[in-house]
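Participant: Chain residues, written in single-letter form:
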Amino acid sequence: MSEVDMAVIKPEMMKSYIWLQTADGSIQQVEQEVAMFCPMICHEVIQKGMGSSKNYAISLPQRVNPAMLSLILDYCRFHQVPGRSNKERKSFDEKFIRMDTKRLCELTSAADSLQLKPLVDLTSRALARIIEGKTPEEIREIFHLPDDLTEEEKLEPLKNTTDDPRIRLLNRLYAKKRKELKEREKLKNVEVEEERVDDRSVDDLLSFINGDNGDEVREFCFADSKGIKTSKSKKKNRRRKDQQKSTSANEANKNHSEESNGLNSVCHSSEVGQKIRPSIGATSNLQDVEDDIFANKNEFDDGDIDDEIDPALKEKLDREVEDFARRLNSDWPERMQEILSLGQERKAVHFPLNGNGSVRRYSRAEMISK
Amino acid sequence: MAKQARMEGVDRISNLPDPILSHILSFLPTKEAVATSILSTRWSKIFSQISNLNLDDHCKRRKSDSYSFMNFVDRVLFYRIGVVDKFHLKCGDSIDSYRVDGWIRYALLNRVRELDLCLKVKELNMVPLGVFTCKTLEVLRLDIYSKSNIVLKLPVEICYPSLKILHLSGIEFSDDDSIQRLFSGCSVLEELVVDRCNLKHRCKFNVSSPTLQRLTIAYTKGYYQDYEIVIDAPSLVYFKCCHLPKSFLLKNLNSLVEACVDFGTVFDCYDSFVYYNKAATDLFKGISNVQSLHLSGIFAEVFLQVSNIIPELPKLTYLNLDGYFFVGWERVLPDLLACFPGLEALVFKVNQHYSCDISRVKFPAKAFPAFLWSQLRTFKILSFKGQKNEFQMVEYFLEYAQVLENFTVQTRERKQDAANWRSKITKKLSKLQKVSKKCKVWVV
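The listed protein sequences derive, respectively, from chains A and B.
Per our numbering, the first sequence runs over residues 1 to 370.
Per our numbering, the second sequence runs over residues 371 to 814.
Keep in mind that the hints were calculated from the coordinates and are not lab data.
Just so we're clear, the structure is a prediction, and the values are computed from it rather than from any experiment.
All C-beta atoms in this analysis are idealised placements derived from N, C-alpha and C, irrespective of residue type, glycine included.
Be a bit skeptical, because a hint or two may be false.
[Claimed, not checked] From the structure, some residues in chain A lie toward chain B, with a derived Cβ separation under 8 Å: (1) 74; (2) 82; (3) 139; (4) 144; (5) 148.
With these hints in hand, go ahead and build the complete structure from the sequences.
Facilitator: Set out below in structure tokens:
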């Protein structure tokens with residue numbers, strides 16, 4: 001006998017109801033097949049035998065208020081019908097989810113407490129779509145989030161509240177890194193004089209260099225004799241740095257209106273020890289120092305990084321290192337100020353982690369002498 | 371002003387429990403998810419719990435951008451806690467391969483369930499061998515884009531106790547043995563897609579799996595297509611094959627419901643016809659239980675002898691035909707449809723003719739099989755251009771199909787005046803005589 005037949009014969013017997021009670025005390029009855037679509041209600045009925053009458057109404061979790069319950073039941077009523085096509089379900093979902101953010105959040109909460117995973121997924125996706133592509137300010141406004149992180153908290157490393165051994169190790173690595181940089185600074189002072197000698201020979205290569213992009217020049221450099229290499233790279237570096245400064249200035253202006261770089265303006269001024277800011281777009285030089293500490297931390301064989309960095313960059317890096325070391329030595333508040341103002345212009349530079357600073361120095365000296 | 375409004379509103383979203391917040395963030399690209407860490411104190415730690423990592427370098431070529439990306443990923447992974455559910459990585463050559471290797475290892479160590487790698491590289495040295503022995507992996511997608519062939523280096527021991535879905539794209543299999551090792555290591559495989567892969571000369575592509583339900587072998591290049599496909603899959607429900615190999619051996623495809631075959635180009639030459647003929651007959655012999663069939667390809671004159679290639683498929687009820695017939699579909703259709711005695715639904719795409727003498731062919735070139743008229747319920751024409759022979763076909767079908775219920779005409783895309791043209795066709799079609807009373811004509 002089909003269900004339809006049965007309904008004709010005994011209509012009152014066909015429909016059975018489940019009694020539900022929301023946190024505010026109101027009780028209502030809902031068709032069984034609709035209510036049983038929710039795993040939590042299903043569990044209560046089957047495992048505990050609740051919901052069969054008004055006295056034994058299933059008490060729903062506090063997060064489910066009557067308005068949300070009615071929405072959830074609408075959802076269940078539609079989806080529990082087996083014959084619907086995927087297209088139908090999808091278009092129902094799209095219409096269903098059109099509501100203000102406030103109700104979306106409440107609905108997510110209610111669906112979660114009833115363990116109705118498909119609805120949780122649906123609302124979560126909708127909330128994700130709202131968040132996607134917005135600046136932090138916009139997101140805070142939409143969801144009424146308190147802006148309760150201080151400027152320093154946004155910049156400073158995560159407080160070592162749980163005394164995470166990884167964070168302690170990191171701090172130790174930073175200290176080591178700082179020491180190395182100080183040493184490099186000393187070396188830099190020695191080398192500065194020698195480099196100036198090569199400037200003059202650059203003039204005749206000006207026309208060639210000015211027309212090319214970085215890669216081609218570099219290739220040309222490698223093909224040529226070593227003596228010219230340094231000077232060419234220097235020239236190229238200077239040009240590149242100027243270009244970058246102007247493009248980064250432009251970018252900085254553009255970035256202010258974009259979402260991910262709304263983040264940048266806050267976290268741009270990173271500090272040694274500051275860890276978690278994602279480098280979206282231009283990142284500060286300081287960040288990259290620690291970045292390489294991370295790379296090292298991950299136990300990769302970083303020994304060949306140095307080989308990959310062409311000599312052209314090394315020149316530029318040394319200059320950056322000098323700045324960095326100087327900044328490290330100044331006081332914290334002053335440093336903060338400086339960083340905040342300089343932060344916009346910095347371009348990301350890969351600072352190779354070379355444990356053996358002396359090797360580098362040797363090879364540079366060798367190049368210069370040739 | 372904004373601050374005031376913010377103070378007045380209630381922060382409801384932060385009341386959601388941590389798992390829900392990280393679930394919401396898992397739908398965002400990882401970059402944006404991490405950016406939420408500065409929203410408020412409540413949000414500052416949520417990102418570290420997200421289990422979906424969606425990393426994309428957006429094809430940035432500049433060294434500085436690559437470094438930014440690499441450093442970003444390092445930091446995200448470093449600060450994460452918990453298992454990795456989905457790890458999706460898309461990057462190119464500008465990303466250091468040893469770092470990519472490390473990231474993948476991180477995912478493997480953290481019990482990754484779904485690994486999706488889309489790599490545009492010159493050589494494949496960033497996929498650790500651990501990928502092929504990962505116990506928790508359920509979905510693996512390896513999508514390689516490269517100018518030269520990249521050989522997939524497989525370890526001797528391949529063990530995939532949980533792998534259900536495997537997609538391989540753009541790689542080369544070094545030998546039969548490695549193919550064998552790979553597929554025999556997947557004991558619960560349900561879906562396999564092999565796409566744009568290279569098979570060496572005289573290679574045997576052997577897939578034998580009791581659990582496999584969906585199989586796609588597409589655009590696989592063999593050396594002069596001189597390779598063999600052997601499939602033994604009793605649970606197979608869906609089979610798709612683009613471009614036929616030299617020989618097919620399909621065993622035990624008892625559960626097969628749907629098959630899609632793209633013949634590619636069947637050249638008008640006796641030698642290739644013979645070879646194609648054999649592969650095609652083997653294929654159709656293997657899928658003889660199929661209920662739904664999609665056929666596509668460029669068919670030369672030899673296809674006139676359709677019965678040589680396609681045998682009778684008794685259980686077939688749905689046919690989707692998208693072919694370019696050198697001799698015109700008017701001449702091929704009657705013979706083709708005669709192979710499907712159970713046919714109830716036909717979807718036919720009208721494609722451009724290659725032959726010149728088509729105008730002289732009057733529809734129908736020969737009689738359609740009689741069983742068709744008492745069985746055909748659904749008929750859909752795609753890319754309808756309104757030409758004379760197309761109208762002749764429509765007229766013919768409407769006149770003879772006694773149980774036709776749904777007749778749909780999808781007009782070819784027109785830039786100008788589309789609605790007008792459609793209504794013209796609708797008018798013309800509605801004037802035609804319909805033998806079936808229940809028949810509804812739709813023009814879309």
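Participant: Does the nearest C-beta of chain B fall within a distance shorter than 8 Å of the C-beta of residue 148 of chain A?
Facilitator: Hint on residue 148 of chain A: holds, closest Cβ of chain B at ~5 Å, below 8 Å.
Participant: Hint validation: residue 139 of chain A versus chain B, beta carbon distance must be below 8 Å. Holds or violated?
Facilitator: At about 6 Å, which falls below the 8 Å cut-off, the nearest Cβ of chain B leaves the hint on residue 139 of chain A intact, so it holds.
Participant: Let's test the interface hint: is any C-beta of chain B closer than 8 Å to that of residue 74 of chain A?
Facilitator: Not OK, violated: residue 74 of chain A not within 8 Å of chain B, min 21 Å.
Participant: Does residue 82 of chain A meet its interface restraint, that is, does its C-beta lie within less than 8 Å of any C-beta in chain B?
Facilitator: violated (20 Å)
Participant: Double-check residue 144 of chain A for me: the hint is only fine if its C-beta lies closer than 8 Å to a C-beta in chain B.
Facilitator: Hint holds; residue 144 of chain A Cβ to chain B Cβ min 3 Å, cut 8 Å.
Hint compliance for this structure: hints 1, 2 are broken, all remaining hints hold.
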